[in-house]
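In the order they appear, the protein sequences are chains A, B and C.
Just so you know, we're using the UniProt record's numbering here: the first sequence kicks off at 1 and counts up by one.
Just so you know, we're using the UniProt record's numbering here: the second sequence kicks off at 1 and counts up by one.
Just so you know, we're using the UniProt record's numbering here: the third sequence kicks off at 1 and counts up by one.
Treat the hints as calculated values from the structure; they're not laboratory data.
In this text, a Cβ means the ideal position worked out from N, Cα and C, and glycines have one as well.
Errors might be hidden in some of the hints.
Stated by the list, open to error - Lysine-lysine pairs mimicking DSS-like chemistry, simulated, CA-CA at most 27 angstroms apart:
(1) LYS347(A) <-> LYS327(A)
(2) LYS135(B) <-> LYS347(A)
(3) LYS73(B) <-> LYS20(B)
(4) LYS39(A) <-> LYS35(B)
(5) LYS296(A) <-> LYS347(A)
(6) LYS73(B) <-> LYS327(A)
(7) LYS296(A) <-> LYS73(B)
(8) LYS135(B) <-> LYS35(B)
(9) LYS35(B) <-> LYS296(A)
(10) LYS39(A) <-> LYS73(B)
As the list claims (entries may be wrong) - Covered stretches of chain C, as calculated for chain A (at least 3 residues, CB under 8 angstroms):
(11) 67-76
(12) 92-105
(13) 203-210
(14) 269-277
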Amino acid sequence: MLLDAFTLGLGYNATLVTLGSALLGGAAGVCGTFLFLRKRALVSDAISHATLPGVALAFLVMVALGGDGRNLIGLMAGSALSAVLGLWLVQKLTRHTRLAEDAAIGAILSVFFGFGIVLLTVIQTMEAGKQAGLESFLLGATAGMLKSEALTIAIGGAMSLLAVLLLRRPMTMVAFDPEYASATGMNVSRIDMLTMMLVMAVTVVGLKIVGLILIVALLIIPPVAARFWSDNSDTVALLSGAIGAVAGYTGAALSASAPSMPTGALIVLSAALLFTFSLILSPRRGLVAAALRQLKYRDQVHMRQGLLAIALQQPIYERLTLNMLGKQGLLRADGVPTDLGRARAAKALLDEERWRALRTLPQFEAAAARYDGLTDLEQILTPDQLTEIDAHLNRPHGVPA
Amino acid sequence: MNAVSLAATSGTHVTEDLSKYAMAVRGLTVSYGGKPVVFSVDMSIPTGSMTAIIGPNGAGKSTTLKAALGILKPLSGHVTIFGQPLDQARQRVSYVPQRASVDWDFPTRVIDVVLMGLYRQVGLLKRFSPALRAKALDCLTRVGMEEFATRQIGQLSGGQQQRVFLARALAQDADLYLLDEPFAGVDAATERAIIAVLKDLQARGKTVVAVHHDLATVPAYFDRVFIINTRAIAEGPLDTAFTDRALQEAYGGRLSTNHIEGLAQVS
Amino acid sequence: MFGAEFVPLSLPPLVIGSLAAVACALPGNFLVLRRQALIGDAISHVVLPGIVLAFLVTGSLGTWPMMIGAAAAALVAVALIEAIRRIGGIEPGAAMGVVFTTLFAAGVLLLERSDTSSVHLDVEHALMGSLESLIWLDGTGWGSLFDPEALAYLPPELPRLAITLTIVALLTAIFWRPLKISTFDPGFAQVIGLPTTLIGLGLVSTAAMAAVAAFDAVGSIIVIAMFICPPAAARLMTNRLEIQILWSVLFAVLSATTGYILAGYGPLWLGADNTVSAAGMIATVAGLILGLAALFGPCRNRAGAPLGA
Numbered sequence: 001m002l003l004d005a006f007t008l009g010l011g012y013n014a015t016l017v018t019l020g021s022a023l024l025g026g027a028a029g030v031c032g033t034f035l036f037l038r039k040r041a042l043v044s045d046a047i048s049h050a051t052l053p054g055v056a057l058a059f060l061v062m063v064a065l066g067g068d069g070r071n072l073i074g075l076m077a078g079s080a081l082s083a084v085l086g087l088w089l090v091q092k093l094t095r096h097t098r099l100a101e102d103a104a105i106g107a108i109l110s111v112f113f114g115f116g117i118v119l120l121t122v123i124q125t126m127e128a129g130k131q132a133g134l135e136s137f138l139l140g141a142t143a144g145m146l147k148s149e150a151l152t153i154a155i156g157g158a159m160s161l162l163a164v165l166l167l168r169r170p171m172t173m174v175a176f177d178p179e180y181a182s183a184t185g186m187n188v189s190r191i192d193m194l195t196m197m198l199v200m201a202v203t204v205v206g207l208k209i210v211g212l213i214l215i216v217a218l219l220i221i222p223p224v225a226a227r228f229w230s231d232n233s234d235t236v237a238l239l240s241g242a243i244g245a246v247a248g249y250t251g252a253a254l255s256a257s258a259p260s261m262p263t264g265a266l267i268v269l270s271a272a273l274l275f276t277f278s279l280i281l282s283p284r285r286g287l288v289a290a291a292l293r294q295l296k297y298r299d300q301v302h303m304r305q306g307l308l309a310i311a312l313q314q315p316i317y318e319r320l321t322l323n324m325l326g327k328q329g330l331l332r333a334d335g336v337p338t339d340l341g342r343a344r345a346a347k348a349l350l351d352e353e354r355w356r357a358l359r360t361l362p363q364f365e366a367a368a369a370r371y372d373g374l375t376d377l378e379q380i381l382t383p384d385q386l387t388e389i390d391a392h393l394n395r396p397h398g399v400p401a
Numbered sequence: 001m002n003a004v005s006l007a008a009t010s011g012t013h014v015t016e017d018l019s020k021y022a023m024a025v026r027g028l029t030v031s032y033g034g035k036p037v038v039f040s041v042d043m044s045i046p047t048g049s050m051t052a053i054i055g056p057n058g059a060g061k062s063t064t065l066k067a068a069l070g071i072l073k074p075l076s077g078h079v080t081i082f083g084q085p086l087d088q089a090r091q092r093v094s095y096v097p098q099r100a101s102v103d104w105d106f107p108t109r110v111i112d113v114v115l116m117g118l119y120r121q122v123g124l125l126k127r128f129s130p131a132l133r134a135k136a137l138d139c140l141t142r143v144g145m146e147e148f149a150t151r152q153i154g155q156l157s158g159g160q161q162q163r164v165f166l167a168r169a170l171a172q173d174a175d176l177y178l179l180d181e182p183f184a185g186v187d188a189a190t191e192r193a194i195i196a197v198l199k200d201l202q203a204r205g206k207t208v209v210a211v212h213h214d215l216a217t218v219p220a221y222f223d224r225v226f227i228i229n230t231r232a233i234a235e236g237p238l239d240t241a242f243t244d245r246a247l248q249e250a251y252g253g254r255l256s257t258n259h260i261e262g263l264a265q266v267s
Numbered sequence: 001m002f003g004a005e006f007v008p009l010s011l012p013p014l015v016i017g018s019l020a021a022v023a024c025a026l027p028g029n030f031l032v033l034r035r036q037a038l039i040g041d042a043i044s045h046v047v048l049p050g051i052v053l054a055f056l057v058t059g060s061l062g063t064w065p066m067m068i069g070a071a072a073a074a075l076v077a078v079a080l081i082e083a084i085r086r087i088g089g090i091e092p093g094a095a096m097g098v099v100f101t102t103l104f105a106a107g108v109l110l111l112e113r114s115d116t117s118s119v120h121l122d123v124e125h126a127l128m129g130s131l132e133s134l135i136w137l138d139g140t141g142w143g144s145l146f147d148p149e150a151l152a153y154l155p156p157e158l159p160r161l162a163i164t165l166t167i168v169a170l171l172t173a174i175f176w177r178p179l180k181i182s183t184f185d186p187g188f189a190q191v192i193g194l195p196t197t198l199i200g201l202g203l204v205s206t207a208a209m210a211a212v213a214a215f216d217a218v219g220s221i222i223v224i225a226m227f228i229c230p231p232a233a234a235r236l237m238t239n240r241l242e243i244q245i246l247w248s249v250l251f252a253v254l255s256a257t258t259g260y261i262l263a264g265y266g267p268l269w270l271g272a273d274n275t276v277s278a279a280g281m282i283a284t285v286a287g288l289i290l291g292l293a294a295l296f297g298p299c300r301n302r303a304g305a306p307l308g309a
């Protein structure tokens with residue numbers, strides 16, 4: 001069953017939904033990257049919660065017009081309209097009042113959602129609303145989906161992915177450096193608006209599968225996970241798209257494989273798994289790597305400072321420094337340096353003095369920028385350059401000791 | 001760098017007396033993301049002095065101050081205030097943060113900000129006595145802001161905001177005043193008012209340390225400098241530490257020689 | 001509407017709704033000023049996995065296991081957000097988004113995969129609460145308010161929220177000065193010796209306590225709305241924190257009562273015969289109040305003086 005699900009062997013609908021989720025996940029991942037780089041990840045939370053009254057109103061309108069209130073395209077159109085209104089109000093509140101964006105987002109998402117719930121309770125009391133199943137928009141559900149709905153989702157996912165890929169370049173530029181983008185003649189606010197429209201498209205297409213409470217996860221988790229692996233915004237966007245697609249595919253396939261498996265939750269948890277993996281194991285910024293690097297760096301700093309203190313005959317206050325010097329046989333237990341300690345200290349001091357001289361010499365300005373307090377100058381410069389610097393070493397300092 | 005040079009002969013255990021300094025920093029290193037912003041810095045501020053911390057942008061001026069006060073967590077470092085650890089000397093320290101570091105849209109009045117300086121005297125629940133309120137008003141008067149006492153802080157100009165911060169510091173009745181860029185973005189009148197207050201503090205035996213970015217006014221305002229560019233480059237009275245070579249080392253090619261020569265003549 | 005059924009049917013939900021609203025609005029004032037408004041959103045989402053886990057562990061839907069489970073989940077979420085933010089260098093909004101969606105998804109999965117059909121535990125309940133069902137059958141009239149025997153049968157949510165609100169209000173009053181100083185100027189607060197990290201954690205824990213106590217009775221929609229809407233509206237009414245708090249309490253009570261009455265009686269007035277969700281209506285009213293404050297509030301604009309002057 002599980003294998004069938006992953007090889008798309010569970011029938012036409014399930015296959016369409018799985019492919020649609022993968023495409024949608026990819027689109028959400030790429031699109032979310034731009035939100036994330038613009039530090040506006042949670043705007044998507046306001047957008048997604050703001051869809052609920054639109055869904056309910058669209059249902060009411062379609063029923064009032066004598067149609068089937070459950071028409072997915074109609075519901076999607078309604079959700080998009082109310083999402084636009086919510087987004088517009090967030091911007092109004094942020095621009096025209098003293099409220100910060102986070103307060104505006106929180107206010108809009110809770111109020112729209114609350115109003116949507118009011119409308120849902122109205123629908124539940126109606127004859128046509130008894131089997132409306134609009135609650136499925138809260139958490140998403142793919143079970144018992146109509147063929148036309150599955151097709152809509154697959155096409156919607158493909159279209160949003162296409163749109164994101166087409167608009168990738170200008171959005172990258174704006175996300176990476178809005179001022180430069182603006183200077184090259186791009187209309188930053190229009191591109192921001194486009195990004196928001198894409199976020200909305202992803203949200204609306206994803207409502208039925210993932211549900212409006214969790215759809216933000218598809219826009220936030222993949223870019224955050226991808227950020228651990230690269231500093232290049234293009235790579236982050238592509239990687240994020242890939243993570244989103246894998247999560248969408250895995251989650252949808254898993255949920256098709258057994259009853260009472262909530263699709264949205266499984267998609268989000270698949271993404272979260274990839275995120276956790278990145279957080280812990282990424283060699284660049286992962287937990288393990290960062291902890292090791294920090295420890296090593298701290299030891300280097302303390303060693304260097306200890307050696308310099310010995311060389312300059314200054315007292316050492318920090319226990320960690322004393323312990324390290326002692327363990328390496330550089331300092332005796334009574335605080336007096338050993339011969340080895342003195343030799344190492346003299347070498348460290350010489351290096352400091354060389355750096356000091358180097359900084360006053362204009363021809364070494366590029367090298368001076370590489371100073372981190374720990375790298376020996378011998379590792380950066382050629383012997384000839386060192387000789388040149390040493391020639392400046394004995395000049396008397398204008399700085400008093 | 002080696003501002004404290006000890007007459008200890010090599011081969012013996014070294015100690016020094018830090019209690020003669022209002023603030024002494026030893027081996028302070030702060031890094032962001034594996035790159036040091038401040039590396040192995042020693043700083044010794046004699047009691048009663050008035051010191052400018054200078055250096056190019058991003059050289060670690062504010063970082064040194066913040067790490068010494070425990071606002072940032074240093075990688076290593078030992079700090080004493082009047083010979084004591086910071087925790088035992090807090091009531092003797094007054095800190096004026098960068099003006100831009102707070103949200104001036106915060107819903108509070110000028111006098112309330114000054115009263116924050118008296119927090120240690122009232123604690124959690126005690127009321128501000130009339131005497132303490134009078135003191136807060138007096139501090140506002142000393143910076144020329146008494147008529148703004150009940151204004152909302154967001155209605156103040158940059159210079160007025162800086163004066164309010166200074167009034168709050170005055171209310172603390174400290175012995176050591178540490179100011180982060182007190183002259184950044186303020187009008188000329190405010191700059192004169194602030195420097196007058198600081199000189200008055202020094203005249204009364206207080207110690208003043210300020211992060212400063214305008215080299216031209218250093219000789220007129222301060223009697224000592226601490227020059228930093230990741231490493232401590234020079235520290236001491238103006239005539240020995242505020243030199244061409246030290247400035248050249250700190251600012252590199254970013255400071256024209258003419259500018260430095262001009263400064264050297266002033267000092 | 002003030003007929004004989006008012007005391008048993010409408011009074012308890014009105015009081016409970018107001019208590020919950022104020023308990024959330026008080027810490028909300030500081031969360032909004034600290035740009036942490038969405039912490040309330042995150043906390044109310046992770047309440048779900050907390051109670052599901054508590055149910056799976058203890059097998060009961062008792063008050064205490066649920067409260068403890070929810071509180072634990074809230075604290076775990078806050079710790080995770082902080083860890084991801086610091087270690088990964090991820091901006092707080094994104095870190096929050098990762099954590100609360102993941103935990104909420106885990107809660108939904110747990111709920112669907114475990115047998116909770118015998119008990120009243122579902123996502124909708126967690127979202128919408130059951131304010132309408134908190135009735136007081138022993139309260140036969142206004143006189144029952146002075147009848148100890150009848151008072152003993154008040155819905156347990158009422159005393160629970162009264163105690164919660166008392167604690168929240170006391171904490172706010174006692175730690176008023178440290179809260180205010182560390183919210184306005186954290187650097188200064190630290191130098192005068194205030195434990196700013198602890199204060200921040202205390203604030204979030206207080207908010208979590210209010211959220212946990214409130215969500216069972218009124219659902220998480222109200223919790224999120226009350227953390228943010230009344231304080232945000234109050235911020236637009238005044239330039240003094242002390243007065244802002246009073247406005248926020250007023251707005252919270254106004255939203256809770258008006259919202260409840262509109263939900264219960266509004267449809268009747270319009271000729272329909274069913275009530276609508278009280279939780280949703282309370283959030284809607286809170287939003288309308290915020291809208292009015294944004295349009296007409298005397299202090300709605302940012303302070304005028306340019307910063308760099």
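Status of each hint after checking the structure:
1. At roughly 19 angstroms between alpha-carbon atoms, LYS347(A) and LYS327(A) fall within 27 angstroms of each other, so this suggested pair holds.
2. About 57 angstroms separates the Cα atoms of LYS135(B) and LYS347(A), which puts this hinted pair outside 27 angstroms; it is violated.
3. For the proposed pair LYS73(B) and LYS20(B), the alpha carbon gap of about 25 angstroms is at most 27 angstroms, so the pair holds.
4. In summary, the hint linking LYS39(A) to LYS35(B) is supported, as the alpha carbons are separated by about 24 angstroms, within the 27 angstroms threshold.
5. At most 27 angstroms may separate the alpha-carbon atoms for a hinted pair to count; LYS296(A) and LYS347(A) meet this at roughly 21 angstroms.
6. Between LYS73(B) and LYS327(A) the CA atoms are separated by roughly 26 angstroms; this keeps the pair inside 27 angstroms, and the hint holds.
7. A distance of roughly 17 angstroms separates the Cα atoms of LYS296(A) and LYS73(B); the hinted pair therefore holds under the 27 angstroms criterion.
8. As the CA atoms of LYS135(B) and LYS35(B) are separated by approximately 45 angstroms, the hinted pair breaks the 27 angstroms bound.
9. Distance check on the hinted pair: LYS35(B) and LYS296(A) sit about 13 angstroms apart at the alpha-carbon level, within 27 angstroms; holds.
10. A threshold of 27 angstroms between alpha carbons decides the hint, and for LYS39(A) with LYS73(B) the separation of about 25 angstroms falls inside it, so the pair holds.
11. Coverage of the stretch 67-76 of chain C by chain A is violated in this model, with 0 residues showing a Cβ closer than 8 angstroms to a Cβ of that chain against a need of three.
12. Three residues within the 8 angstroms Cβ limit are the bar, and the stretch 92-105 of chain C against chain A gives 10, so the coverage statement holds.
13. Proximity of the stretch 203-210 of chain C to chain A, defined as three or more residues with a beta carbon under 8 angstroms from a beta carbon of that chain, is not established by the 0 residues found.
14. Proximity of the stretch 269-277 of chain C to chain A, defined as three or more residues with a beta carbon under 8 angstroms from a beta carbon of that chain, is established by the 5 residues found.
Going down the numbered hints, you'll see the structure goes against 2, 8, 11 and 13, while the others check out.
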